[in-house]
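Visitor: Chain residues, written in single-letter form:
There are 2 protein chains.
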Amino acid sequence: MKKLLFIYLALISLFVIYVYQYQNSETTNREWEEHELRGSVDETYVMVTFQTGIDYWKRALKGFEDAAEALNVSVEYRGATQYDVNEEITALEQVIAKHPAGIAVSTMDPEALNPAIDKAVEAGIPVVMFDADAPDSKAYAFIGTDNYEAGATAAHKMAELLDETGQVGIITHPYQLNHQERTDGFHATMKQEYPKMTVVDIKDGRGDQMISKDASLELISEYPDLKGIFASEANGGVGVGMAALEQNKEDSLHIISFDTDKGTLDMIEEGVISATMAQGTREMGYWSLQFLFHLQHNLVSDINGETTLPPHVDTGIKIVTEENVKDYYSIE
Amino acid sequence: MKKLLFIYLALISLFVIYVYQYQNSETTNREWEEHELRGSVDETYVMVTFQTGIDYWKRALKGFEDAAEALNVSVEYRGATQYDVNEEITALEQVIAKHPAGIAVSTMDPEALNPAIDKAVEAGIPVVMFDADAPDSKAYAFIGTDNYEAGATAAHKMAELLDETGQVGIITHPYQLNHQERTDGFHATMKQEYPKMTVVDIKDGRGDQMISKDASLELISEYPDLKGIFASEANGGVGVGMAALEQNKEDSLHIISFDTDKGTLDMIEEGVISATMAQGTREMGYWSLQFLFHLQHNLVSDINGETTLPPHVDTGIKIVTEENVKDYYSIE
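From first to last, the protein sequence lines stand for chains A and B. No gaps in the numbering here: position 215 of the first sequence is 217 in the working numbering, and each next residue is one more. No gaps in the numbering here: position 266 of the second sequence is 268 in the working numbering, and each next residue is one more.
Derived by calculation from the structure, the hints in this document are not laboratory data. Positions of the beta carbon are idealized from the N, C-alpha and C atoms, including for glycine. Just so you know, not all the hints are guaranteed correct.
[Stated by the list, open to error] Here chain B is said to cover these stretches of chain A; the calculated rule only asks that three of the stretch's residues, wherever they fall, bring their Cβ under 8 Å from a Cβ of chain B:
(1) 4-11
(2) 38-48
(3) 280-286
All chains, please: the whole structure from these sequences, using the hints.
Guide: What follows is the structure, given as structure tokens:
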């Protein structure tokens with residue numbers, strides 16, 4: 003009898019502890035569910051770009067992954083391997099077919115991807131644009147550089163380098179919207195805020211090192227008093243640097259470029275390029291994923307069901323010079 | 003002996019279960035810690051405004067509270083009860099003295115709060131601006147309406163209402179930056195995109211109903227063909243509505259106003275005001291808290307320790323008309 007009593011006691015204890023523990027785990031589960039900023043690993047968010055292999059996207063993807071880790075969701079990276087708009091459309095269509103939890107797209111054409119983007123949104127897949135916008139698409143938000151402001155920032159830096167006096171030129175890519183905006187921001191700021199400075203010419207470098215170098219050589223010979231050149235993208239900046247080196251102008255000519263690829267950083271270290279504009283690419287990726295997560299979990303709809311996500315996020319610009327160039331080599 | 007054996011068995015079982023359970027709770031705790039987007043309730047974030055009692059802030063505070071709930075942190079609401087810049091500075095100083103986890107500030111003056119804001123940032127307290135910016139302060143970001151864009155949106159709506167033809171006027175507050183920007187956006191869009199429309203005059207309504215009403219009566223008598231008036235803020239809009247009613251012009255004159263206070267919504271219901279621009283005030287509060295949390299938890303610093311938060315977030319504009327006005331009464 004007494005043996006049995008002990009067995010009963012042991013079993014009852016076990017049962018009580020089991021129930022207690024079960025309740026505990028229930029509480030824990032309930033807390034996870036209530037806590038809104040945690041997804042599940044089955045939830046896959048996809049980043050879609052073009053020229054997928056270039057270094058430029060690494061930091062955007064890093065931000066995308068960092069946010070995914072914080073939110074406990076999964077990510078994938080897809081896109082066009084080449085600079086080919088049809089390839090990017092196909093890649094996006096393939097991603098849509100899998101009905102992921104959300105898609106962040108950087109488009110190489112402000113119009114061509116719209117039908118695919120709109121199809122995704124209509125199918126209930128959250129889409130945001132980053133870095134390069136498709137303004138007339140149904141994507142919920144754009145997260146990227148305010149290029150006009152970035153041009154203005156470059157102009158202020160140029161004015162500082164030249165003590166607010168002298169002639170400057172611009173090498174740009176006149177058929178791409180973001181480059182037009184950078185050029186406009188630079189030009190307008192010079193005109194409005196620095197009366198002793200003049201933008202003498204704007205030349206087309208076509209995003210190519212050699213063409214930009216030749217355009218710079220022309221500028222230098224046409225304007226012997228030229229004190230500075232602003233290049234609106236990285237290849238152009240390196241081309242300008244090559245022209246300055248060829249003419250032994252690397253000390254007298256101040257060059258401001260854009261982005262932080264290795265060629266540009268090397269020329270900053272060598273003192274050929276004075277400064278370059280670093281974009282907030284990690285932030286583009288980070289907040290893209292945050293926004294997609296908020297859309298997927300209905301954390302951003304108003305009482306009438308309308309989405310109320312900020313439509314435009316400027317991820318800002320940092321100025322890189324000889325002083326802080328070391329930091330930018332290590333950023334991947 | 004056998005009795006004792008059972009007691010031992012029972013005790014051993016209890017111990018095993020205890021250890022198992024303890025390990026389980028360890029795992030749970032570790033998961034909470036690893037999960038970066040969860041704070042503690044001791045962490046207090048403060049929203050600071052002016053005229054703290056007005057309805058306008060309710061939605062911003064709602065967004066601030068929603069984000070706090072999602073992130074498991076606490077919030078407080080402080081500020082100047084009056085439209086008094088010294089009172090707001092004092093309120094901000096008192097908040098700083100308590101060293102909270104972060105402060106979101108909407109300033110009634112783009113300069114006057116800068117010393118206090120900078121003091122907070124230097125003391126290691128994250129600060130972001132929302133709704134009304136202090137652009138030269140050390141605050142990390144501004145989250146609010148892009149007022150130039152909002153004016154442009156109002157211009158497009160006006161063009162739609164008037165079939166892109168006719169004379170329009172503007173009633174504004176010419177000494178406040180956000181109103182200047184709204185006016186500029188409206189004016190420039192009309193000029194650039196609607197060649198058959200003319201902005202005939204811009205009058206000062208001083209943010210006051212009666213002064214705006216009188217200014218509108220002048221506009222109406224000076225320009226008998228006037229087809230529309232854009233008011234850059236809510237009191238002005240109601241004043242324009244009163245003038246239209248007095249002149250029996252409520253059917254022939256299209257009025258576009260700003261914000262969604264009860265007086266404006268009532269005039270939309272009555273068909274006196276055609277449309278008003280609703281700001282994303284909930285989003286200002288929501289993303290302000292998110293940004294402060296990210297600053298507090300060092301989730302936004304780059305390899306070199308520099309903060310990399312998006313410096314500027316446009317929370318967008320929604321157009322409210324007779325069709326959707328009902329939804330906006332219920333928003334608090």
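Visitor: For each hint, tell me whether it holds in the structure or not.
Guide: Okay, the hints, checked on the actual structure:
1. 4-11: holds (count 5)
2. 38-48: It holds, with 3 qualifying residues against the three required.
3. 280-286: Holds: 3 residues of the segment 280-286 of chain A have a Cβ under 8 Å from chain B.
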